[in-house]
Amino acid sequence: MTHVVIGVFNILLVLIAAPLVDGILRKVRARIHSRQGPPVFQTYYDIAKLMVKEDQGGTNGFLFNAAPVVCLASILMAGLFVPMGGVVPLGFAGDMLVLIYILTIAPVCMCLGGMASGSPYAYVGVNREIMLLMVVEPVVAVTFIVTAVKAHSLMLANCIERYVSSPPDISMIIGAIAFFLVLQPEVGKVPFDIAEAEQEIMEGPLIEYSGRKLALLKWSLYSKQIVLVALLVGTFFPWPRTGSLALDIALTLVKILIGTVLVEVVAQVFARLKINQAIRYFAIVIAVAVTGLVLAVMGL
Amino acid sequence: MNAQNLIAGIREKYPEALLASTQPNPFRLFLTVDRENIQDVADYIFNTAKARLILSAATDKSPINNTYEVTYVFSLDRDNLIVALKEVVPPSDPRVPSLTNIIPGADWHEREMRDLMGIVPEGHPDPRRLVVSDDWPEDVFPLRKDVPYNFRPPRVTVVKPPMRDPKEHEKQATILNIGPFFPTLEEPAYFRLYVEGEQIVGSDYRGFFAHRGIEKLTETVLEYNQVPFIAERICGICGFVHSATYCMAVEQAADIEIPPRAKYIRSIMLELERVHSHLLWLGLAAHYLGFDTVLMQAWRIREPVMWLTEQITGNRKTYGMNLVGGVRRDIDAETADKILKTLAKIEEETKELVSAAVEDNSLKMRLEKVGMLSKEDARKICVVGPTARASGVAIDARQDRPYLAYPDLDFKIAVQEGCDIWARTLVRAEETFTAIALIRQMIAKMPAGELMAEVGPIPPWREGIAAVEAPRGECCHYVITGPDNRPYRWRVRASTYPQLQSIPKMLDNMSIADFPIIVGSIDPCFSCTERVITVDTQSKKVRTYTHQELLAMSQRNSGQGRRS
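Residue numbers (this note's numbering), protein chains in the order written: chain H, 1 to 300; chain D, 1 to 564.
Treat each hint with caution, since some may be false.
[Stated by the list, open to error] Label-pair restraints from in silico Cβ distances:
1. H:104 <-> D:315: 15 to 23 Å
2. H:299 <-> D:504: 55 to 63 Å
3. D:123 <-> H:66: 26 to 34 Å
4. H:104 <-> D:129: 46 to 54 Å
5. D:348 <-> H:56: 18 to 26 Å
6. D:183 <-> H:41: 22 to 30 Å
7. D:183 <-> H:262: 27 to 35 Å
8. D:316 <-> H:41: 28 to 36 Å
9. D:129 <-> H:63: 38 to 46 Å
10. D:348 <-> H:39: 31 to 39 Å
No lab work stands behind these hints, which were simulated from the structure alone.
Note that CB positions come from ideal geometry on N, CA and C, so glycine has one too.
The following block holds chain H by itself, in its conformation from the complex:
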């Protein structure tokens, strides 16, 4: 029963609260810029506006039309695997591997939709997105394997249970750092918003999207941010466990907010890198993550 409730809660959080979090981040960004910033609920208004705006059509191919829906659906599904207050709503043996796959669906959808649009800007964006995926996804996978190795289990809930009752491990800390470093490209923020790069290729894969489809794609980016940060804090920062589920959930929410704000702050103090610079950078991050894995295998 708890799992069902948490499942519904997660879906609502990922879907309904994501624009609010984005609104808060816009305020944070504005403060860093010495601006006042839009109202906290602005992102809801933006999505609502896009929902009723005319859809310019684009190519109207199947891929082009389906991509935004599948993209958001995959994120919602990932939301079911996200630990909330220590509880994983849809936990089963091996759920970790499933999650890794589900998390790649969203960027792949973005790529397919972009390719289907046929715009040369989208091609450039998709190229970049795929190159980034190749270096970013291994990091996500390796950090999960670190947790799995430590807990001797491929079930997320077991891993969290193991970690919450023990002091921080060096390999898990390295894993956490590596995971944090891939958040920027995963949620499309500077310095790694290379695939969208508004000033260079005008949002790349999104360029031909408009109206409702664009709203869905934007919405899935906001949601993805929550999912990934929730995964980070749920898996790598599970403490403290108070015993009361409600309190644990509240704590998790606070941690998610802190995490997203951190990501936003990082985005405001860097210039966007070029794709080759980013790949060189993530090669190092992969090496760091693998070091964590080696340490984990050695039992550290």
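For this one, chain H is given, so just place chain D on it according to the hints.
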């Protein structure tokens, strides 16, 4: 090389070439040569005397003596000498030998000459249309005196932008169209990039979408003292530069000495414009790289300059301060005090911002070794301003040809050898501080007195060439005075004109990601009107409109018959 040596040198090497030479003052030299000899003489001036081409103008003098006159203006920066090289062209045979193969920087000047005056530069390597719009008739040359200023060409339905054919190595490349409207270029400009993956292997440019015919208007409708107000509207950022340069050119032609206080006020305004322009650029450059924090902070720091100019002139921009003979408004002691206070704050905040930006590794990674322009190319293309100074070409009109208040001031120009965008950033940062220091000096030294000189009737057929160091580089105006209280010919060469010609060099082998910042690095200033977009017809999968369809759509939407 001074004027005497230059004339002697030319006489020695090409004894027959010089037809006439006059030197109205120690800083100006006018040489007349035959069409047949102009290449030799230009080659001597550019390559032996190491002069720099700053401007060229073609003038229709057929109502007076039935000739066209082509003038190339060179600057010998070390000797504070401007040399105007003239050739006379009969209207019956309007052809001149092209200088572009000798001076690459003459490229656009000669294409413009062909478009506006119908003088054909023979042997020009790239004689495509440059200035006039795609639907302008082939045989109407707007700057000829027999074309009325309000001439409207008949409506044309099929036109093609004059883009070049792809070169051999570009044939396999993908075409990426940037513009005519592109979010990061605030103004209309069309770059066609040939890309292989992320790499740019070739580029082509079509601009002048916003050519407004200001020069023609001046020669036909306006009077001397109305021109400064339209000159100011050439640019939304450095408008004061244009009105000041125009006034200086006319004053020089008419031998008007403006009062010292007016000189100081003009110089203060010029430097204030530099402060806000460079801060604006820093913000934009950071924005091109997705670094919006720097954008917002730079513009916040810049804002008080706009308040200052509003207090001084009544306007944030487009000040309406200049007239031939002086300035219209004074800077009183109270305002001067406020300027000093504001600048102190701006200086402090800019220091913080610049030191934060300079220490930022991600910025450095994006700017170093990007958009390279070698010293050699910088000289050949005759680029000016921070773009030239960042490539080690130490030119600055304020130092080389001190005008207005600058002879009294003490300053050093910023020069960097890096040849990349990083160097351009450092140059501009340093110049911002120099500008602030200059304003302080000027306020301390400001002489009392009148704001306007007595200006009598301006004698016709005099020539004035003025160059002012704008934030983007040297801005040149050339004026021939006319008989009916208006310039007979007025040619404006804004600082972006030479810089844009260097863009293909800077883009070579860079990546698409570098494109916005490379174009941004010259601080481009196209101009500000609109035009119908053309859609990519190259890539097969794009939904493609034919030109006719687009035209029909635009006509349907804008209402028929507006132009006819």
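Okay, the hints, checked on the actual structure:
no., hint, result
1, H:104 <-> D:315: 15 to 23 Å, "56 Å, violated"
2, H:299 <-> D:504: 55 to 63 Å, "60 Å, holds"
3, D:123 <-> H:66: 26 to 34 Å, "58 Å, violated"
4, H:104 <-> D:129: 46 to 54 Å, "50 Å, holds"
5, D:348 <-> H:56: 18 to 26 Å, "48 Å, violated"
6, D:183 <-> H:41: 22 to 30 Å, "26 Å, holds"
7, D:183 <-> H:262: 27 to 35 Å, "29 Å, holds"
8, D:316 <-> H:41: 28 to 36 Å, "33 Å, holds"
9, D:129 <-> H:63: 38 to 46 Å, "42 Å, holds"
10, D:348 <-> H:39: 31 to 39 Å, "33 Å, holds"
Comparing the model with each earlier hint shows violations of hints 1, 3, 5; every other hint is respected.
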